[in-house]
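A.B. asks: Take these sequences, add in the hints, and give me the full structure.
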Amino acid sequence: MRAQIAQRTLRTDRWWLPPLATFVGLLLISIYAAVRTFMGDYYWVDEYRYLTPMYSPCLSEECLPAAAHFGRPLPELPGFLTPPVVIIPFLLGFRVTCYYYRKAYYRAAWMSPPACAVAEPHAKYTGETRFPLIAQNLHRYFFYAASLLLLINIYDAGYAFSTGVGLGNLVLLANVGLLAAYTLSCHSCRHIVGGQLKHFSKHPVRYWAWTQISKLNAKHMQLAWASLIFVCVTDLYVALVASGTISDLRFVN
Amino acid sequence: MPELERHSFDVLVIGAGGAGLRAAIEAREHGMRTAVLCKSLFGKAHTVMAEGGIAAAMGNVNSNDSWQVHFRDTMRGGKFLNNWRMAELHAREAPDRVWELETYGALFDRTKDGRISQRNFGGHEYPRLAHVGDRTGLELIRSLQQKVVSLQQDDFAETGDYESRLKVFQEFTVTDLVLDDGRVAGAFGYWRESGRFVLFEAPAVVLATGGIGKSFKVTSNSWEYTGDGHALALRAGASLINMEFVQFHPTGMVWPPSVKGILVTESVRGDGGVLRNSDGKRFMFDYIPEVFKDKYADNEAEADRWYADPEHNRRPPELLPRDEVARAINSEVKAGRGSEHGGVFLDVSTRLPAEEITRRLPSMHHQFKELADVDITAQPMEVGPTCHYVMGGVQVDPDTGASSVPGLFAAGEVSGGMHGSNRLGGNSLSDLLVFGRRAGAGASGYVSELSARPVCSSEAVAEAERVAVAPFSGSDEGGENPYTLHMELQQAMNDLVGIIRKAEEMDQAIKRLDELKRRAATLVVEGHRQFNPGWHLALDLRNMLVVSECVAKAALMRTESRGGHTRDDYPQMEADWRRKLLVCRLPGADGPGASVEVVEEPQIPIRSDLLELFEHAELQKYLTADELEG
Amino acid sequence: MGYQGHFRVWRGSDQGGGLEDFTVEVNEGEVVLDVIHRLQATQTPDLAVRWNCKAGKCGSCSAEINGKPRLLCMTRMSVFAEDETVTVTPMRTFPVIRDLVTDVSYNYRKAREIPSFKPPAGVAPGEYRMQQVDVERSQEFRKCIECFLCNNTCHVIRDHEENKESFAGPRFLMRVAELEMHPLDEADRVAQAQSSHGLGLCNITKCCSDVCPEHIKITDNALIPMKERVADQRYDPIVWLGNKLFRRS
Numbered sequence: 000m001r002a003q004i005a006q007r008t009l010r011t012d013r014w015w016l017p018p019l020a021t022f023v024g025l026l027l028i029s030i031y032a033a034v035r036t037f038m039g040d041y042y043w044v045d046e047y048r049y050l051t052p053m054y055s056p057c058l059s060e061e062c063l064p065a066a067a068h069f070g071r072p073l074p075e076l077p078g079f080l081t082p083p084v085v086i087i088p089f090l091l092g093f094r095v096t097c098y099y100y101r102k103a104y105y106r107a108a109w110m111s112p113p114a115c116a117v118a119e120p121h122a123k124y125t126g127e128t129r130f131p132l133i134a135q136n137l138h139r140y141f142f143y144a145a146s147l148l149l150l151i152n153i154y155d156a157g158y159a160f161s162t163g164v165g166l167g168n169l170v171l172l173a174n175v176g177l178l179a180a181y182t183l184s185c186h187s188c189r190h191i192v193g194g195q196l197k198h199f200s201k202h203p204v205r206y207w208a209w210t211q212i213s214k215l216n217a218k219h220m221q222l223a224w225a226s227l228i229f230v231c232v233t234d235l236y237v238a239l240v241a242s243g244t245i246s247d248l249r250f251v252n
Numbered sequence: 000m001p002e003l004e005r006h007s008f009d010v011l012v013i014g015a016g017g018a019g020l021r022a023a024i025e026a027r028e029h030g031m032r033t034a035v036l037c038k039s040l041f042g043k044a045h046t047v048m049a050e051g052g053i054a055a056a057m058g059n060v061n062s063n064d065s066w067q068v069h070f071r072d073t074m075r076g077g078k079f080l081n082n083w084r085m086a087e088l089h090a091r092e093a094p095d096r097v098w099e100l101e102t103y104g105a106l107f108d109r110t111k112d113g114r115i116s117q118r119n120f121g122g123h124e125y126p127r128l129a130h131v132g133d134r135t136g137l138e139l140i141r142s143l144q145q146k147v148v149s150l151q152q153d154d155f156a157e158t159g160d161y162e163s164r165l166k167v168f169q170e171f172t173v174t175d176l177v178l179d180d181g182r183v184a185g186a187f188g189y190w191r192e193s194g195r196f197v198l199f200e201a202p203a204v205v206l207a208t209g210g211i212g213k214s215f216k217v218t219s220n221s222w223e224y225t226g227d228g229h230a231l232a233l234r235a236g237a238s239l240i241n242m243e244f245v246q247f248h249p250t251g252m253v254w255p256p257s258v259k260g261i262l263v264t265e266s267v268r269g270d271g272g273v274l275r276n277s278d279g280k281r282f283m284f285d286y287i288p289e290v291f292k293d294k295y296a297d298n299e300a301e302a303d304r305w306y307a308d309p310e311h312n313r314r315p316p317e318l319l320p321r322d323e324v325a326r327a328i329n330s331e332v333k334a335g336r337g338s339e340h341g342g343v344f345l346d347v348s349t350r351l352p353a354e355e356i357t358r359r360l361p362s363m364h365h366q367f368k369e370l371a372d373v374d375i376t377a378q379p380m381e382v383g384p385t386c387h388y389v390m391g392g393v394q395v396d397p398d399t400g401a402s403s404v405p406g407l408f409a410a411g412e413v414s415g416g417m418h419g420s421n422r423l424g425g426n427s428l429s430d431l432l433v434f435g436r437r438a439g440a441g442a443s444g445y446v447s448e449l450s451a452r453p454v455c456s457s458e459a460v461a462e463a464e465r466v467a468v469a470p471f472s473g474s475d476e477g478g479e480n481p482y483t484l485h486m487e488l489q490q491a492m493n494d495l496v497g498i499i500r501k502a503e504e505m506d507q508a509i510k511r512l513d514e515l516k517r518r519a520a521t522l523v524v525e526g527h528r529q530f531n532p533g534w535h536l537a538l539d540l541r542n543m544l545v546v547s548e549c550v551a552k553a554a555l556m557r558t559e560s561r562g563g564h565t566r567d568d569y570p571q572m573e574a575d576w577r578r579k580l581l582v583c584r585l586p587g588a589d590g591p592g593a594s595v596e597v598v599e600e601p602q603i604p605i606r607s608d609l610l611e612l613f614e615h616a617e618l619q620k621y622l623t624a625d626e627l628e629g
Numbered sequence: 000m001g002y003q004g005h006f007r008v009w010r011g012s013d014q015g016g017g018l019e020d021f022t023v024e025v026n027e028g029e030v031v032l033d034v035i036h037r038l039q040a041t042q043t044p045d046l047a048v049r050w051n052c053k054a055g056k057c058g059s060c061s062a063e064i065n066g067k068p069r070l071l072c073m074t075r076m077s078v079f080a081e082d083e084t085v086t087v088t089p090m091r092t093f094p095v096i097r098d099l100v101t102d103v104s105y106n107y108r109k110a111r112e113i114p115s116f117k118p119p120a121g122v123a124p125g126e127y128r129m130q131q132v133d134v135e136r137s138q139e140f141r142k143c144i145e146c147f148l149c150n151n152t153c154h155v156i157r158d159h160e161e162n163k164e165s166f167a168g169p170r171f172l173m174r175v176a177e178l179e180m181h182p183l184d185e186a187d188r189v190a191q192a193q194s195s196h197g198l199g200l201c202n203i204t205k206c207c208s209d210v211c212p213e214h215i216k217i218t219d220n221a222l223i224p225m226k227e228r229v230a231d232q233r234y235d236p237i238v239w240l241g242n243k244l245f246r247r248s
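Protein chains in written order, with numbering that gives the first Met the number 0: chain H, 0 to 252; chain B, 0 to 629; chain R, 0 to 248.
Just so you know, these hints were derived from the structure itself, not from any lab. Just so it is clear, CB atoms sit at the ideal spot from N, CA and C, and this is done for glycine as well. A few of these clues could be false.
Stated by the list, open to error - Facing chain H, from chain R, some residues (calculated, C-beta under 7 Å):
#1 G15
#2 N65
#3 P89
#4 V122
#5 Q130
#6 D158
#7 H159
#8 P182
#9 C206
#10 A230
#11 Y234
C.D. replies: In structure tokens, the structure reads:
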């Protein structure tokens, strides 16, 4: 028999605040991303060759030809679907199966548990042992896909420099920097780079890489948020310039 | 007694620290059905507090090291009072015992070529302490604990029962040994939680109960250290030796009050930490005794060079044996050059980069940060002497750990002789392993040669039970509170039989102890036997009192200063005294007014080939002219 | 310096119990355990509490303070306001014995279920060679003082008693990781981590890491690397497909 304590928790601090903040943050960003996805417009600034990362790569018939850096191999998408739906499953998959985000939404959205030492409301719990949550184990494949998309984003950011340098270039550059840091700091990446080894001493280069990734990995949460928010900022900037709401601040040309 | 729970085993090990677990492993491997009884949870024994390392002459860092050098250091540290055979066995076998731990899964810090790394420590000529950062005791206890589990898994595979051959009874206290015609027949005790009594029938008992520090006010020892094994042995008719030698560790925390006494590992000094007084002076240079002049640097420059080049420089005096450093700190504080809270400053922050400190001394960093709000990478620590270890203990046969009582064995801190008058840092953990194993084997050998098992008579059991419940029926008029009595005992021992001793004070201590003993007869405990800390303390007090009496009486008799025994009135070491052991016994064992008696007995002469390991000039400092000729 | 502090301590047994209020002296530099001891000495001589080293090294005095799993000896009174009521309760996940003392035998049971270190065949004692960089990961886990606060706070068993059967808890999943990363251990531990010790139940919400008094990064350094190793073996679709196609088991 456990000690009989009626209260769900005896914590006296504001334990509900971090999960609430996480929930609100994730919700706002989801709404923004959904709106922008289905807008299907203002993703390309032709003059300066800015492409928002949300639409990169743009692969289907409805893409503006100039924005489709890799051609348009896919036919026009049916109904209300827009170009990002091709790549979003991979981006979203990477974030959803990420070990940090899992912690965040298990706590904030599913309340399993809402905070440490606060009872969760569910009667049964099977963790990640069965479908669908067992699919969380596929994280590393999303990591591979996301790495590929990251390379494309880097190409986009570089390509934009071909017309000169403006604030938008710097925004795109910062965005890929943060995305790269987040992607590299991923736990799966840490495992593949060196964590899986039993004897570091026999693989000095991978060990060195592992120690570097480990340092980044310690900041995985911060990078997850920073990169997520900055993708939205980047997208918003491109959208505002593309729609003519603001004009890009140019340094060269 | 309908409620008496009974168990029968071949070997009973009392205590689950390093010595107890190693003994139990050995007994089980000899095929004995073995039980381990411990006051705390399994894996929490005081061994976890050991920080510095395990001394073993493996020669991994300096290949000049050998068991002979280790033996020499041990004898020097103990001022030649050590039982030479124990010191020899210890020095010879320690490396095997450490390597064995690796087969249990222990992970020591490594050298560049992948061997076990070894660090410098006070009194050891070469880097000799196998270590894991500064949590070596934890590694040792965990490795032994995991080996116990591993043996239990083997037994499970074979018999379907994890505990068929090796069982741990945790949170259990033994109050008395049960004898049959002078031989061990079993042990009697209670579950701490329920207060229920249990009789263990077993022909052999290994005492591995640790020390006696809880009789002193400022101590690094936990509540468990109440001298249970010492007292059980005395009452069973065994003798204790060297009880006057109590080691005060030079560096315990002095602030905040609630952690006063908690240890600051010697590795802080081994890794470069220095002691300073309130004038900022590195005062240890003023306290190098004559016998150590040629081994220790007399100036800061040479001392500092030693860390990088130990071959060509003498050691810094901060690494003198513990008794010397403790006395030096004591003198500085008495002379008014102490810190705010009555200690001196131990500083590593100006000696090593912060990163290095947190890597080498992680748990010290943690301990000061969390308990005292001091960052040792930026500030000095305040430290002072704390009662740490008793060199004295049950007189045993070096090879088997057997006491003079048939069936009674002892290993670890509860046994005496190995460390002489002063123990070197790092020699404790190796002692636990070497003699834990030997006692386990000794007990197994004894049991397998028995023709008939001794019997626990119902009278003896009834008597043990009567004594155990006595505090509940204490006379109403006395009505002594165990907490008060305990505090008075600690104060008396600390003030009157502490680091520096005088005849008058010890006379006074003996009178106080007499009075406390009388008052203890009228102890009253309220409530019932179910988890009752007051009752537990009342029973522990009985042990602490008898052991304290041994310490005080022996200390009064030894009219010289040596190792962990410093007499203000006899400041010199006398070669004649080296040949004498003070032996403590308890005649009339359990009579209410029984008093311990301490007698002089001759020390066993050192085997000649071992004597030859020393320079003649050095022996002259310790041995009498007679002995040198012989 | 000293002040009268308000304490609320859970008292009782497996038969029931509740929170009791006390006013007790608190002095500068004290920790919660000191105050509990003062209660024992002055007001409640039979208040049950488990403790030992008083220096955060043995992991005996685990309990919950203001609802948070903590060591009583490592919680300084200075973190509370003087007028704050300090609530001390036993660990929730384990059966209570009395007052603040719980029955932690679950942990010892789980410890036994993990196959022990398997020494390398043919390597004599004394011949073990390991590099420092190779032992460091396991060494971090061996800092564990077995206070069992991680197991206590883990919602998998804290909120779901029925999972105790199949879940070893963070402490012992970390033990599996420790052996798995031991440079000389010869057993394969990955499959068992998932099938016998319940690694899949962990949803990496990191409370174990949050409460660890030794600041071991249990989740990042032990649990997630184990999950990744399981993914290597079990959830690699290419390997899975290969096994299906070529009927390997």
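A.B. asks: Can we keep the P182 of chain R interface hint, with Cβ of chain H closer than 7 Å?
C.D. replies: At about 6 Å, which falls below the 7 Å cut-off, the nearest Cβ of chain H leaves the hint on P182 of chain R intact, so it holds.
A.B. asks: Holds or violated: the hint that C206 of chain R contacts chain H, with Cβ atoms closer than 7 Å.
C.D. replies: For C206 of chain R, the interface hint holds, since the closest Cβ of chain H sits about 4 Å away, which is under 7 Å.
A.B. asks: Does V122 of chain R pass the interface hint, meaning its C-beta sits closer than 7 Å to a C-beta of chain H?
C.D. replies: Result: violated, 15 Å to nearest chain H Cβ.
A.B. asks: Does the nearest C-beta of chain H fall within a distance shorter than 7 Å of the C-beta of A230 of chain R?
C.D. replies: The hint holds - A230 of chain R has a Cβ within 7 Å of chain H, the shortest such distance being about 5 Å.
A.B. asks: Hint check: is the beta carbon of H159 of chain R less than 7 Å from a beta carbon of chain H?
C.D. replies: Hint on H159 of chain R: holds, closest Cβ of chain H at ~5 Å, below 7 Å.
A.B. asks: So, as I understand it, the hint says Q130 of chain R touches chain H; can you test that by seeing if any CB pair is closer than 7 Å?
C.D. replies: For Q130 of chain R, the interface hint holds, since the closest Cβ of chain H sits about 4 Å away, which is under 7 Å.
A.B. asks: A closest beta-carbon separation below 7 Å is what the hint needs, so does G15 of chain R meet it against chain H?
C.D. replies: holds, 6 Å
A.B. asks: Under the criterion of a CB-CB separation shorter than 7 Å, is D158 of chain R in contact with chain H as hinted?
C.D. replies: Check passed: Cβ of D158 of chain R comes within 5 Å of chain H, closer than 7 Å.
A.B. asks: So, P89 of chain R near chain H? Judge it on the closest CB pair being under 7 Å.
C.D. replies: holds, 5 Å
A.B. asks: Would you check whether N65 of chain R satisfies its interface hint, that is, whether its CB is within less than 7 Å of any CB in chain H?
C.D. replies: Because about 5 Å separates N65 of chain R from the closest Cβ in chain H, which is inside the 7 Å limit, the hint holds.
A.B. asks: Taking the closest Cβ pair, is Y234 of chain R under 7 Å from chain H?
C.D. replies: This interface hint holds because 4 Å falls under the 7 Å limit.
In the structure shown, a violation is registered for the earlier hint numbered 4 alone.
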